[in-house]
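Trainee: All chains, full assembly: derive it from the sequences and hints.
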Amino acid sequence: LGLSVLLGGGPPPRRLRVLALARGPGGAALRRAAARAGVPAVAAPRLALHFAGSAGRAALPPDLAAELAERWPQSA
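Just so you know, we're using the working numbering here: the sequence shown kicks off at 38 and counts up by one.
These aren't lab readings, by the way, just hints derived from the structure by calculation. You can trust all of the hints, since none of them are fake.
Computed spacing ranges between beta-carbons, pair by pair: (1) 47 with 86: 16 to 26 Å; (2) 61 with 111: 30 to 40 Å; (3) 107 with 55: 12 to 22 Å.
Using N, Cα and C, we set each Cβ at its ideal position, and we do this for glycine too.
Mentor: If you want it as structure tokens, here you go:
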């Protein structure tokens with residue numbers, strides 16, 4: 038089971054914040070809860086690692102910002 042990060046704010050380039058962070062069984066529970074709530078999910082290990090680490094408080098590097106922007110769900 039991998040790392041799960043729930044982000045709030047956005048969409049990029051607006052400010053983002055980590056709402057929840059979990060690994061293992063807690064990460065699986067977080068993903069299930071997000072799915073039940075209709076929160077979009079993507080598999081993006083590099084992004085998850087950025088937000089989980091101390092770098093998560095820093096600005097996103099341009100390559101990760103571009104990746105997040107292209108994965109961000111479009112508003113209706």
